[in-house]
Amino acid sequence: MMPKYLTPLPLFFTSILAQSALSYPSFPNTSTLDPHQTPNYTFDELYNLTNRFLQNHMYPNNIAQSLAINSTLLSDDVLGRVDATRDYAGRELNTEYLFGLFANIALNPDAFTLLGYPINYTFTRFLGIGNVVSFAAIIEYKLPVTGTTIPQELDFWVTYNDKGEISQYDGNFRYLQWQLTSTIASIAKAQNLSSSTSLLPILHAKLANSICETATTFCNGTNLQYANQQACENHLYNETRFGDGWEWGMDEDNKAECIDLFDVSA
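Residue numbers (mature numbering (1 follows the signal peptide of the UniProt record, and there is no 0)): -23 to -1, 1 to 243.
These are computed hints drawn from the structure, not numbers from a lab.
Treat each hint with caution, since some may be false.
As the list claims (entries may be wrong) - Quick list of the computed label-pair ranges, beta carbon to beta carbon:
id : residue 1 : residue 2 : range
1  : E216      : F20       : 48 to 58 Å
2  : N17       : P86       : 40 to 50 Å
3  : E117      : F20       : 20 to 30 Å
Said to hold, decoys possible - When the alpha-carbon atoms are kept at most 20 Å apart in a straight line, the in silico SDA-like pairs for lysine to any residue are as follows:
id : residue 1 : residue 2
4  : K183      : G105
5  : K183      : N215
6  : K140      : N215
7  : K140      : G105
8  : K183      : Q145
9  : K183      : F195
Glycine is no exception: its CB is placed at the ideal position from the N, C-alpha and C atoms.
Construct all of the structure, not just a fragment, from the sequences and the given hints.
Below, the structure written as structure tokens:
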């Protein structure tokens, strides 16, 4: 399946790649380290490495990372885990979900999704020693569906290799269920509905339509998922639950909300 974020981009976005706006900090050459020796970075170096990652996670910098397919911020054998979704192994898959997913939301504002894309961040905690970092940050996400922003706390444990690349990470999106509930309530208010419950069937139908447009456009041949748009929407709306935020990563084939997560990253 061809990733949607690989489609031709407007001149504005291609200029971002040419400019390479971020200045990458330099670090001592530790390539002569014994492969079994753990890198020993200073506190400032660890902070700069982590700050560099978050800068690139933000829109529009995440576009350049996603187009790279294999981000040089990540090691070739990087292992990642996000509490709300699943485990990710390898540079390409982690690039897709750390950068491509959010860049794709920003580049397709008319596509219906309950997710947002990151535009700003503030560290609230930072601890680092050797090659290990534990940090918390408040990420500000722009929600295209409501045109508003919402804060999301992100807790991360990260390790870096001797090249300054992320080799492992464990991420936790705090209060994700609250964030999704709040988003749905905001949509209900904008639609003049009496309650969020009244909105769920509408959201379910919109998600099914958006997901199926992606599936029928990009999944064909050996990647064919559904015979046509109608068959796809029938499955997702009539045979699939809407689901809750805390269920992400748990049998995503049976929840439209989870499939939405993988749809926007496709």
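Hint by hint, here is what the structure shows:
1. E216 x F20: 48 to 58 Å: With Cβ atoms ~53 Å apart, the hint holds.
2. N17 x P86: 40 to 50 Å: The hinted range 40 to 50 Å holds for N17 and P86, with Cβ atoms some 44 Å apart.
3. E117 x F20: 20 to 30 Å: holds, 26 Å
4. K183 x G105: Measuring from Cα to Cα gives roughly 44 Å; hence the hint is violated.
5. K183 x N215: OK: K183 and N215 at ~13 Å, within 20 Å.
6. K140 x N215: violated, 50 Å
7. K140 x G105: Distance of about 17 Å is within 20 Å: holds.
8. K183 x Q145: Violated, at roughly 36 Å.
9. K183 x F195: holds, 19 Å
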